[in-house]
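Student: Residue strings, one per chain:
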Amino acid sequence: MTTTTKQPQTRNWNWSHLQKQAAPYLFVSPFFVLFAVFGLFPIVFSLLLAFSQWDSASGLSTMHWVKPLWSNFQYVLTDPLFATVLKNTFWIAIVSGLPQHLVAIPLAYVLHTQVGRFKHFFTAAFLVPFVTSTVAIALVTTVLFSERNGAVNQLLLWLNNFVLFDPLIPDQTGEGYIQWLFEKEYTKPLVCLLIFWRYFGYNTVLYLTGLQTISNDIYEAAQVDGATRWQQFWHITLPLLRPIAYFTTIGTVVGNLNLFDEVFILFSGPPSGGEEYSAQTIGLYLYNNAFGPNQDMGAAAATSWVLFVIVLLITLITNAVFRRTADPSEA
Amino acid sequence: MKKALSLIVLLSLGSLSQAATLTVNCYPDVNRSIEAAIPMWKKQHPDVDIRINTLAYPDHHNALTTALATGNGAGDVDCVEIGFVARFGESGGLEDLGKAPYNAKQYQKLVTGYAWAQATNADGGLYVFPVDIAPGTLFYRDDILKKAGVTPAQLSKSWESYIDAGKKIKEKTGAYLLLHANFIALAYIRANIGEGESLFFDAKGQPMLNSPRFVKALQLAKMARDSKLDANLTQFTPDWTDALNKGMLATQPFGAWFEGTMRALIPGTAGKWRAVDLPEKSYATWGGTFLAIPKQSKQKALAWDFIRFYGLNKDVQLNSFKAITALPALKAAQNDALFRKPVDFLGGQVVRPMWVRAANNTRPFDANRYDSVANDALGTAITRVLNSGVDVKTALDEAQALVERRVNRGN
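So the sequence lines, in the order shown, correspond to chains A and B. Just so you know, this note's numbering puts 240 at position 240 of the first sequence, and the rest follows in order with no gaps. Just so you know, this note's numbering puts 300 at position 300 of the second sequence, and the rest follows in order with no gaps.
Worth flagging that the hints you see were computed from the coordinates, not collected in a lab. Using N, Cα and C, we set each Cβ at its ideal position, and we do this for glycine too. A hint or two may mislead.
Cβ pair distances, simulated, as ranges [said to hold, decoys possible]:
1. A:T62 to B:K204: 22 to 28 Å
2. A:W15 to B:N62: 48 to 54 Å
3. A:V163 to B:M354: 50 to 56 Å
4. B:M354 to A:L139: 38 to 44 Å
5. B:N53 to A:H64: 30 to 36 Å
6. B:K204 to A:Q74: 24 to 30 Å
7. A:T134 to B:M354: 44 to 50 Å
8. A:L238 to B:N53: 55 to 61 Å
9. B:K393 to A:V33: 57 to 63 Å
10. A:V163 to B:N62: 48 to 54 Å
11. B:G124 to A:T134: 44 to 50 Å
12. B:D202 to A:H64: 46 to 52 Å
Just chain B, with the same shape it has in the complex (with noise of 0.2 Å):
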């Protein structure tokens, strides 16, 4: 009898440290991000183990509003991707970082400054902490530029100059400029945000589709279309890949993180992509990743912990760097000698510390729970123009009126 009972404390015993677990919910690619990490979290907290569940970029999101909907069913930490940064932060689901017990704002100075206003809500809460950035950038396979006599400089001094460089390009190589001529559009108004604006609105909330500054990204894009520069293609499809494969694209706007991208979709072109700044020096973001405790968590102190681990140590960005090339939003990872190394992809370009200049030159603007009804207000409106030739102007009224329906509805 005493033996049973003596091995029944046992097994009890052994249940209670038994290791705790930590569940993070996140996407692709921050999922391989957060693996490289564990080792290090395992040698700081051996007995706490930490459980990634992945799911595609859209599923995740949905899942996570239905968790914080039902109030069951997220994780202990949970991604949010800057899209959704408003919408969630303005959910009441999440907890808000800048207060007791966690008065994150002590840490602001450590982080990137337009990723830590992107992370602010408009009533001040910080419902979501900053980890990763993605400052905009424009690769170009340098192969193609030498074949048709065009420097980097002329790609980016002006979009006017970029547009004219493309012309050469097409003429002398065959090559379009670039996969779509939204991207011209989209990186126009990314970069040129006024002051007190957000992407899409004012400082009111109000929409501004058809203020000057998308006139204008349209018009550009209109003039790169005229002239047969775009290959009209969609991001992320097999055609795309083809065609930055077999150099049919001479550049890419996109974020920098595309480099590490690259590296996976099309590894036979190494070495021969470089990378400039945006036309006009345009300082824009392409994605970044935040973290969030949401309510529902029964593991806050834990997660907290892990979120400073995450987001904090500069040994854990860089190692998260290393795995999937998205910059960290650490300050002090941006420093580490890593970024002065020449990148192999890029032909051996010491090209990182031009990102950091381009992330630390960002404009900070808020996120606005609306964005992606303007967003896709405005992707219609730029199809309208470039494929069924309607006016400019006219498409971005519709757009405007379609997103003001919207956001006047409330909600």
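With the rest of the complex left out, here is chain A (with noise of 0.2 Å):
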């Protein structure tokens, strides 16, 4: 009779306290879930397999632990390539890095303070670059810079006809056709446009909300004081902007250093990366390790640590100097 009536009792507890209890990590366990086998497996993954030689096309019983437990890092980092790559990498990141922020910043200023109305259509056309696919974009790119149809070949062999750009395309023929994606002297400042113009836009709208939460009063208290535009500009706006500047910049470093998309459309090749892999960027080697002629899976994935350790001691650098800068005022 007791237990009759206890057992019920037992078992409506502890349904309603596993609900109580258990609910809230039943909702939030897709994201573990997905985040385990889509995250955390392939981090894990990659990591053994740095320290492993592995043919993929044999299956997984064929991943064996390297003696000595380093040498994928030492065959990835002994590369002659793997310099080539690493001077490329940094050369794009710098060149197509720095200047976005040079552009982007007097922009932002300009439509803030000079654009009235229009200043939201400005702020979509800039978007436009960033949001289209990169795909599409680095396609139209191959077809305006191939070599003999190409606009921008074209246009340089008509330049040619006036007496102060003829020597732009040596050859009037047109036999000295700019070979835009295969050559190395072209081939990384055409990385470096395609990149700017997809990404400047993206960082002046970031600071054009940078500069939005900046307080007209003290632009009003700096013109009582009797300051300049540039003045306001050199002592407000730009210490203001400092924590939009340190995210941007953060963006852009990260970003660049881990280019592949553009450059494995623009020079697949062969040779992939263009002349003497010009172009070449270490997101793009490593690709190629793993899927391409190489097919070596564990230099791969030392490849992809050696990236994570270069972006990571980049970004802290890039935060020790931000921190350096900062107003002690503030603190």
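Got two chains here, each in a separate frame; can you build the complex from them with the hints?
Tutor: If you want it as structure tokens, here you go:
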């Protein structure tokens, strides 16, 4: 009798208790399951792979530790091509990254202070390259910069008719067309041009958002004190934009060091990455190691961890630079 | 109740008698060739459907790599291009067709010799079956040659006479000899493989990228570049198609299959092209397709039926040849009257017996799993010689060191 009355009570208590306790975990679990499968597992697997050799076509059973354990890293770091791709990556990151901000900040300032009701139109227009598919952009670039029929070379050939421009394409018949998508002198600048065009608008919009958070009172006070527009820009706008500048700079640094899809499509090859690997980035080198001619998963995984360390170091340096340049009065 | 039961039994029987589906994974244009064979297959196997999954050439081989790695996702039959034969053959993920129950070695005499050799691994395993071959040939524009006063014999006598003919063509007509000087190097390397060697490796499996064969190949290419005989174009780009269309290129060294490609690519030039042997009667190969049965296939017997149907049936091979003009590896198909017919696109030239002769004179050599590594290193060496003025020996020594480094690492 006692037991029959107690049992349902226990079940009820358990069920409601379980509901209350477990429901939040149940609701949040899809994220953790997805993260474990698509986030955590690849990270752990690539770490194991960085210390292993594996012929991917032969199945997981052929995966084994390398001896010595660091030999994949040794192989990558002593690869002459790795030095080239490292140099390429930094070259492209700096040459395409720095101008983005040098143009975006003044442009955002002009938009904020000078442009009235058309501001939203410009904001949307600047975002168009950012939201367009990389594949579409790279394919259009390929057509525009193709050697013989590309609009750019045809324009340069036409400009040859004018005295000032006649060395643009050396041979008037067009035999000396610039091979934008192959010649080592042009591949990196072309990538930089593409990256600059694609991201400067995005950064401009971010800076514009930052500018809108600066109170007008500060500018009014400055005007009362007789500050010129330049002085206002230099002493008010730039310092107060520092948090946004930190955010956009980190974004540019991480994005440019991981650059892959643009160069993959533009310089699919052969040779992959343009003449003498002139535009091959670490991202493309990693991909080629895994899926290209080398078919070396261990080296590819080691490359990905080297890239991770590089990105981490550069991010820490950027962090330190921004902290050092911070106004002590803000602290 | 009885009615319901009968209906269930009928439906179950229906599903049991449903056609089986054989999956064939391949890349273009082999898919068109297999599609063309389906009606003939259905006559023999009305209860078995063929499903063809086609991916672009690199994507198909990447997908097969992933499928073999994970043990899931491969077709019942998979196409393998010559560049991947050795790697997939050594992977352990494909059935050895030389062993029971397949016993494919009994068919060796029916298939072109060099293609059979390419299909055979260093360990004697036969993990792929050859279906189409690609003997190298030299396509040329008859009208341009006539205008320049150059004979086809001058093109094919030797590599030096080919380059001399190019100088005359450029001078008289303004047309380039060919799209890119690296084609000369690649053709020479493929056509002069020594006894026991493979394309890039010696009998011991060591790379030989700085051997005399490669040195001579790059010297010839440089000779053409220095005389401005190549248009410096990349194959399968709009600029290249445009140059072919406009008669800017007098010759095009390629696999014989390119005749069919030209029909679709540059139909306006029909009747203007002809073909001769490569210079020095160089017998070289330019591609080739093989079929394999992945170990993960659940219908291996049926898959083997399909490979025999597709690769060893003369009518099917001829039907495929009509679809994509890739030459059949099956000798019986090569002897058919169809091969003695004039080719309209080539101005009525009876050219196929020449290609068959070239194919059967090609020296057999093994594929090596590091072929793609060596090919990549060679490509860079050629570029450095042609574009950057680097000395031939220096560029080849660098390429040799790169490949040695990869081979010594293993995996």
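Student: For every hint, state whether the structure bears it out.
Tutor: Comparing the hints with the structure gives:
1. A:T62 to B:K204: 22 to 28 Å: At 24 Å between Cβs, range holds.
2. A:W15 to B:N62: 48 to 54 Å: Taking Cβ atoms as reference, W15 of chain A and N62 of chain B lie about 50 Å apart, which means the hint holds.
3. A:V163 to B:M354: 50 to 56 Å: Because 54 Å falls inside the window, the suggested range holds.
4. B:M354 to A:L139: 38 to 44 Å: holds (39 Å)
5. B:N53 to A:H64: 30 to 36 Å: Once the Cβ atoms are compared, 32 Å apart, the range 30 to 36 Å for H64 of chain A and N53 of chain B holds.
6. B:K204 to A:Q74: 24 to 30 Å: holds (26 Å)
7. A:T134 to B:M354: 44 to 50 Å: holds (47 Å)
8. A:L238 to B:N53: 55 to 61 Å: holds (57 Å)
9. B:K393 to A:V33: 57 to 63 Å: Between K393 of chain B and V33 of chain A, where Cβ atoms are some 59 Å apart, the hint holds.
10. A:V163 to B:N62: 48 to 54 Å: Roughly 52 Å apart at Cβ, these two residues keep to the hinted range, so it holds.
11. B:G124 to A:T134: 44 to 50 Å: holds (47 Å)
12. B:D202 to A:H64: 46 to 52 Å: violated (28 Å)
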